Amino acid sequence: MDQLSNLFDGFAAILTPSALLFVVIGALLGTAVGVLPGLGSAMAVALLLPLTFVLEPTNALIMFTGIYFGGLFGDSISGILMNTPGNSTAIASTFEGHRMALDGRAAQALATAAIGAFLGGVVASVLVVFFAPALADLATRFGPAEFFALAVLAFIAISAVVADSAVRGLAALAIGLVLAMVGIDQPTGTARFSFGYPALLDGIPIVVITVALLALGEVFHQAARAGGPGDQDTVLPSGRPWLSRAEFRSALPAWLRGTAYGVPFGVIPAGGAEVPTFLAYGTERRLDRRRPKPMFGRGAIQGVAGPEAAGNATAGTAMGALLALGLPTSATAALLLAAFQQYGLQPGPLLFERSGDIVWALLAGFFLAMLVLLVLNLPFAPLWAQLLRVPKSYLYAGIAVFASFGVYAAGASIIDLVIMLAIGVLGLAMRLYDIPIAPVLIAVILGPLAEYSLRDAMANSQNDPAVLVSSPITIVLYLLLVLGLIWSAWRRLTERRRADV
Amino acid sequence: MSEAGQPAAGSTTRRRPRPAHLSAGALVIPAFLVVLGVFLVVGTSTMDVVGDAGLFGPTVMPWAVAVICFVIAALLAVDILRPRPEYEPVFGARTPAATGSPDAADAAEPDAVNATAVAVAVGGVIVFIAVLPWLGWILSATLLFTAIAMALGNRSYVTILLAGLGLASVIQIVFSGLLGISLPAGFVGGF
Numbered sequence: 000m001d002q003l004s005n006l007f008d009g010f011a012a013i014l015t016p017s018a019l020l021f022v023v024i025g026a027l028l029g030t031a032v033g034v035l036p037g038l039g040s041a042m043a044v045a046l047l048l049p050l051t052f053v054l055e056p057t058n059a060l061i062m063f064t065g066i067y068f069g070g071l072f073g074d075s076i077s078g079i080l081m082n083t084p085g086n087s088t089a090i091a092s093t094f095e096g097h098r099m100a101l102d103g104r105a106a107q108a109l110a111t112a113a114i115g116a117f118l119g120g121v122v123a124s125v126l127v128v129f130f131a132p133a134l135a136d137l138a139t140r141f142g143p144a145e146f147f148a149l150a151v152l153a154f155i156a157i158s159a160v161v162a163d164s165a166v167r168g169l170a171a172l173a174i175g176l177v178l179a180m181v182g183i184d185q186p187t188g189t190a191r192f193s194f195g196y197p198a199l200l201d202g203i204p205i206v207v208i209t210v211a212l213l214a215l216g217e218v219f220h221q222a223a224r225a226g227g228p229g230d231q232d233t234v235l236p237s238g239r240p241w242l243s244r245a246e247f248r249s250a251l252p253a254w255l256r257g258t259a260y261g262v263p264f265g266v267i268p269a270g271g272a273e274v275p276t277f278l279a280y281g282t283e284r285r286l287d288r289r290r291p292k293p294m295f296g297r298g299a300i301q302g303v304a305g306p307e308a309a310g311n312a313t314a315g316t317a318m319g320a321l322l323a324l325g326l327p328t329s330a331t332a333a334l335l336l337a338a339f340q341q342y343g344l345q346p347g348p349l350l351f352e353r354s355g356d357i358v359w360a361l362l363a364g365f366f367l368a369m370l371v372l373l374v375l376n377l378p379f380a381p382l383w384a385q386l387l388r389v390p391k392s393y394l395y396a397g398i399a400v401f402a403s404f405g406v407y408a409a410g411a412s413i414i415d416l417v418i419m420l421a422i423g424v425l426g427l428a429m430r431l432y433d434i435p436i437a438p439v440l441i442a443v444i445l446g447p448l449a450e451y452s453l454r455d456a457m458a459n460s461q462n463d464p465a466v467l468v469s470s471p472i473t474i475v476l477y478l479l480l481v482l483g484l485i486w487s488a489w490r491r492l493t494e495r496r497r498a499d500v
Numbered sequence: 000m001s002e003a004g005q006p007a008a009g010s011t012t013r014r015r016p017r018p019a020h021l022s023a024g025a026l027v028i029p030a031f032l033v034v035l036g037v038f039l040v041v042g043t044s045t046m047d048v049v050g051d052a053g054l055f056g057p058t059v060m061p062w063a064v065a066v067i068c069f070v071i072a073a074l075l076a077v078d079i080l081r082p083r084p085e086y087e088p089v090f091g092a093r094t095p096a097a098t099g100s101p102d103a104a105d106a107a108e109p110d111a112v113n114a115t116a117v118a119v120a121v122g123g124v125i126v127f128i129a130v131l132p133w134l135g136w137i138l139s140a141t142l143l144f145t146a147i148a149m150a151l152g153n154r155s156y157v158t159i160l161l162a163g164l165g166l167a168s169v170i171q172i173v174f175s176g177l178l179g180i181s182l183p184a185g186f187v188g189g190f
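Sequence lines, in order, name chains A and B.
The numbering of the first sequence is numbering that gives the first Met the number 0, which starts it at 0 and goes up by one.
The numbering of the second sequence is numbering that gives the first Met the number 0, which starts it at 0 and goes up by one.
Mixed in with the good hints there might be a few duds.
What follows is a list of derived Cβ distance ranges for each label pair [what the hints assert, rightly or not]: (1) A:A488 - B:V77: 14 to 22 Å; (2) B:V70 - A:Y477: 33 to 41 Å; (3) A:Y196 - B:S44: 15 to 23 Å.
Hints listed in this document are in silico derivations from the structure and should not be mistaken for laboratory results.
Since we're looking at a predicted model, the values are computed, not measured.
Idealized CB from N, CA, C, for every residue including glycine.
Just chain A, same shape as in the assembly:
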């Protein structure tokens, strides 16, 4: 039980006043940003990345975990109360959650979401604690061919399998790949696409790309929508914020089923929690139809419990995949990877050996963050709703200032600000014309890994392409990819058929 003693060491490391403070700050910030419409945990992490220049790594990473899980919960608060999910992962729990709110059961819906998030997150974290080291062990056997397969799997999964339209996802992926290639080519030292500007030799900083796409793009999009149709009414929660025994009994199996859906989707790089949350929602709806008194459509508690647990379970195991394989499976995980890189830490098989103390402190931080969020959110969810009253103009003006500050602080360079503006306008165009953002971030972060491992694999084998599919691990990864593509084609077909009915 190495893992347990390591985990206890991790707890010992973070049970200090300063670490506790950062967990609480992260949970508060994440929830606050998640609650605000249009903002998700990815943007919260992006806006706060500059803090990594001043904070000590363990504290910063623990705070980002708090932001990650807090943001997920905040997304659901705005979904349940306003019918505007803060993120695509919160859509599934919004359907029944908002109906519960309209039915005068908003507080119970929020409590169901909070407990579901807690359960899903804790179960996923326990699995990560026990299996991440084994996964990392397996990954130490990864060579260039395996890493290339992993990157290809992540690219195709996030752009073709998860996105609504494969061609739009691939368009986003291509944009990200181009952005990632600017700068010095590491194996040879060749300057690529810098066109004589020394500032471009280091490439376009990830902080600039993410802040511009997520924050500035959203600010411009809000401007584009200004003066449009008015905002929805907010249902302010009332009533008891706890669940009756009967409610708890009907929600419990849904929480567990949701967790079971969420756990595998974080590990296999299928890009985010949209799929498991919708699978959990669909399952609960099917089960509900068989009950003597179906509740779906009138605010079914299971419709909140299942997707919510699935979402956080995915987020939890996604952190495991990030730490053990160095593989981000969602936009937020990609940003956390960027945060690790700011500290010169490379998530992946060697992280557990080289920086074990930080990893275990971080894993202990997961449990702490989940607990803090439960304590904060169960009784105080109604207070968060008050944030929805901040006028949008102040909110987005503040975000624009913070985004510019973050980009400037990262490099003290005006050129970075100009790049931020250009990519921000690109982010506006992508939002207006329905091009997903997440594939850009995944491509920017994994693009170099894919390219350099392909070239390594080729150089090591005298340019024999067979080396790419020569090991069992690569074959399994490509099989997963094919299965994912078949499954998504099947899903689209059945959805179309259902829409025709």
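Starting from the structure of chain A, add chain B where the hints point.
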């Protein structure tokens, strides 16, 4: 994030206006991909490759991505332009209104783009970048805050200015004063 705006397919009784992501304006994205592809082709063919990199040198990936850009641009353009029975044709009578003339801010049009507001917001960022080295962080950031709040329809100028000044000062004090991140001071010095 796209699901919320997705119209339900099905009814063929009346042709609805095309949604934004299938309108002529959406061709901006394939056009941008073509620009990226050309950027890669120009940059790769003029690249000074250092040393002998073998068959898989620094130019392989750029060529491959350039091809991907052109292919995806073509596929996306087809996807946008292809006739769909449930929607109006791309180049119909109503199309000009959807791309951002002042009338397009009409509340009846859910996909309308408020072009004036976007211009004010983007212009605010441009001015911010231009004046930052001279005016310093606090004044430039106040300007940026004001421009964005105005773009989003806030007309109480004094309140915005004060709020922006407050936020910019807090950032300066916390991050520059306490945490030691350097911000341009401008002609007002340490203010």
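The hints, checked one at a time:
Checking the proposed 14 to 22 Å range against A488 of chain A and V77 of chain B shows it holds: the Cβ atoms sit about 19 Å from each other. A beta carbon spacing of about 21 Å between V70 of chain B and Y477 of chain A contradicts the range 33 to 41 Å that was offered as a hint. Between Y196 of chain A and S44 of chain B, the C-beta spacing of about 19 Å keeps the proposed range 15 to 23 Å intact.
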